[in-house]
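Following the hints, position chain B against chain A.
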Amino acid sequence: MSETNTQRALAEEPEVKGPRDHPSPATPDQDPNWERAAKPILSLEERTRGLSPEDLRKFMYDMLLARRFEEATGESYALGKIGGFCHLYIGQEAVAIGAINAMQKGDYSMTAYRDHVHALQMGVEPNAVMAELYGRAGGTSKGKGGSMHMFSAESGFLGGHGIVGGQSPLALGVAWKIKYRGEQKVMQVYLGEAAVNQGAFHESLNMAALWQLPLVVIVENNRFGMGTAWERASSLYDISQKASAYAMPSAIADGMDVLDMYRVTKEAVDRARNGGGPTLIEARTYRFVGHSMSDPVHGVYRTKEEVDEEKLNDPIRIYANLLSDLGVLSQEELEVMDEKVKKISAEAVEFADNSPEPEAAELYRDVYADEDVAGRLYFDGRR
Amino acid sequence: MAVITYREALNQALAEEMERDPDVFLMGEEVGVYNGAYKVSKGLLDQFGDMRVVDSPITELGFTGLAVGAAMTGLRPVIEFMTYNFSLLAVDQVFNAAAKMLSMSGGQFKIPVTFRGPTGAALQLSAQHSQALEAMYAHFPGIKVVAPGTPADAKGLLKAAIRDDDPVCVFEGEMLYNLKGEVPEDDDFIVPLGVADLKREGSDVSIITHGKMIHTCLQAAATLEKSGISADVLDLRSLRPLDVDSIMRTVAKTNRVVLVEEGWPYGGITATVAALIQEEAFDELDAPILRVTQADVPMPYAKQLEKNAKPNADLVISKVNQVLYR
Chain A
1 MSETNTQRAL
11 AEEPEVKGPR
21 DHPSPATPDQ
31 DPNWERAAKP
41 ILSLEERTRG
51 LSPEDLRKFM
61 YDMLLARRFE
71 EATGESYALG
81 KIGGFCHLYI
91 GQEAVAIGAI
101 NAMQKGDYSM
111 TAYRDHVHAL
121 QMGVEPNAVM
131 AELYGRAGGT
141 SKGKGGSMHM
151 FSAESGFLGG
161 HGIVGGQSPL
171 ALGVAWKIKY
181 RGEQKVMQVY
191 LGEAAVNQGA
201 FHESLNMAAL
211 WQLPLVVIVE
221 NNRFGMGTAW
231 ERASSLYDIS
241 QKASAYAMPS
251 AIADGMDVLD
261 MYRVTKEAVD
271 RARNGGGPTL
281 IEARTYRFVG
291 HSMSDPVHGV
301 YRTKEEVDEE
311 KLNDPIRIYA
321 NLLSDLGVLS
331 QEELEVMDEK
341 VKKISAEAVE
351 FADNSPEPEA
361 AELYRDVYAD
371 EDVAGRLYFD
381 GRR
Chain B
1 MAVITYREAL
11 NQALAEEMER
21 DPDVFLMGEE
31 VGVYNGAYKV
41 SKGLLDQFGD
51 MRVVDSPITE
61 LGFTGLAVGA
71 AMTGLRPVIE
81 FMTYNFSLLA
91 VDQVFNAAAK
101 MLSMSGGQFK
111 IPVTFRGPTG
121 AALQLSAQHS
131 QALEAMYAHF
141 PGIKVVAPGT
151 PADAKGLLKA
161 AIRDDDPVCV
171 FEGEMLYNLK
181 GEVPEDDDFI
191 VPLGVADLKR
201 EGSDVSIITH
211 GKMIHTCLQA
221 AATLEKSGIS
231 ADVLDLRSLR
241 PLDVDSIMRT
251 VAKTNRVVLV
261 EEGWPYGGIT
271 ATVAALIQEE
281 AFDELDAPIL
291 RVTQADVPMP
301 YAKQLEKNAK
311 PNADLVISKV
321 NQVLYR
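Chain order of the listed sequences is A and B.
Count the first sequence with this note's numbering and you get residues 1 to 383, in order.
Count the second sequence with this note's numbering and you get residues 1 to 326, in order.
Since the hints were derived computationally from the structure, they do not count as laboratory data.
Partner residues are not named here, just some residues of chain A that face chain B (Cβ under 10 Å, in silico): (1) MET148; (2) GLY159; (3) GLY160; (4) ALA175; (5) TRP176; (6) LYS177; (7) GLU203; (8) ASN206; (9) LEU210; (10) TRP211; (11) PHE379.
In this text, a Cβ means the ideal position worked out from N, Cα and C, and glycines have one as well.
Next up, chain A with everything else stripped away, as it sits in the complex (with noise of 0.2 Å):
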């Protein structure tokens, strides 16, 4: 049998390439915006700009504490005394510290499920923190709802939620509320590089530009989605430019940088206060452990060499550094400052160990809030 159109058409059809055969999405070598973000060619004066030799040691004490208490949870979580998923913010610190300083008392925010850190930085007692990754009663959620969601009404921060993406349409409808009532509030939400894939981030980025909702949208770049490296799950490389889709501003940011994440967060939450609508922020950052507690730090994804590589990077030191050159804060204030957010810590572990266990009849309770109806609501047999 002679071959057929089909078969001659498909012999001459070049050699199919893979993605990463295409020239586009680069990587973070390749990328000239990377590059420009990671080293912003801004004076120390420009970068350190209306802000007091106060404000720059508080960014440092916040950073810090977000480091012990990590560091305090991944001790805890290998006595056994947390359980279930534990994703720690350990290198990340620059970009939540840096963008939840740029927001004003009343703001709200909410992020996913790495979020200890956020709600620490919001307002949200250490002590309870910790004994909410206890399971204790003592906890933010009474012990219900662990490391991934943590939430504070009275602090402003609306979660800590789980399901990847899945924050951002909440986030969308508190700032619609903030609208609606016409307040001067400014909502922030946090997502992973990841979440940007997910249907969920893109239709909430066009209602927010659609009615120039008070929302300020960071992308936490760590570049893995638990494994996945961002190359591999984007066409596009640069996050950022996805904001253009919805005519909406965007900007890249050092995530490793305090001051650049707050330079950057504070023009997009003053825009967003003043009726300027949303914008999108991209912080490149990098995660210095596992995706969680029960991951590894370097294996398949990527190597240990990386990861020490990237740890030269360490928002903590090279703010430390920055600090003492300023003459802002010594090797020796740092040291007093590092004792006392250890002992935090430490205090944070000590009254969660001590929290009490939740009580049996809990379990039935803050499933509904209204249980003042007619019928049955729970067919468990049970009560």
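Chain B only, in chain A's frame:
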């Protein structure tokens, strides 16, 4: 009492609750300028303006999440799903967010949101537009589900849903919007959640159902009456909370039960009610509990196939005869 349509009853409920509480707003596809795909929101945009009657893009997951986030911070959104079929794009926000937020936050964040829209088959809309999904929603603790079958229940239950502090899903009958009935005119008329209604009183058999199917069951009961069989027709109205007392009362009276629903049998509302009856009233039964549901297939388009797939009065009559061993 005024005689109005099911559609007008829902419209009145929305208007009255929006008038009563400035935190209530309506959002969904075509609810504003177009006056609603089924005209339930007719005139509301003119009355309340575009911040309170909001035309959303076609973005179910997005606007459903928006409602939950708005509810977290104090608003009382009403979301219209053009039909519940389309809500399948949005259920992450209903099941993973709305249903669990209060619990995950240890009681800090109530979600007083109402989801509403038509459920079930209309006429020849085929597989993706004909589903009755209330059982899936009622599966999730944290969610409340109601399914009004008359204009009065539509108004009363929707008002109760909007005033409730939990997420409430109101399943309206796509074929019921033109149904007329008497509806109280009192602004504070509500039908409380969790209260079933005996739509017809009998003594030989209990037919338990909800939503559009009450009309099929009433029709069957009228036919059965002619052959000397009198049926209790219990309209559950509310599926979660569920009026278990009323169920047990009718079972104790007639000792024979036929359960009817528009959705599929697997894990259906009828499956749950049957389980409850055998757990709690086994000794009252004189016959096995039988069920009438949609055929366990995706809804076909062809007229006769569709007709055969739907539950109907003849099937109800046949099951009633079986439980009476006739």
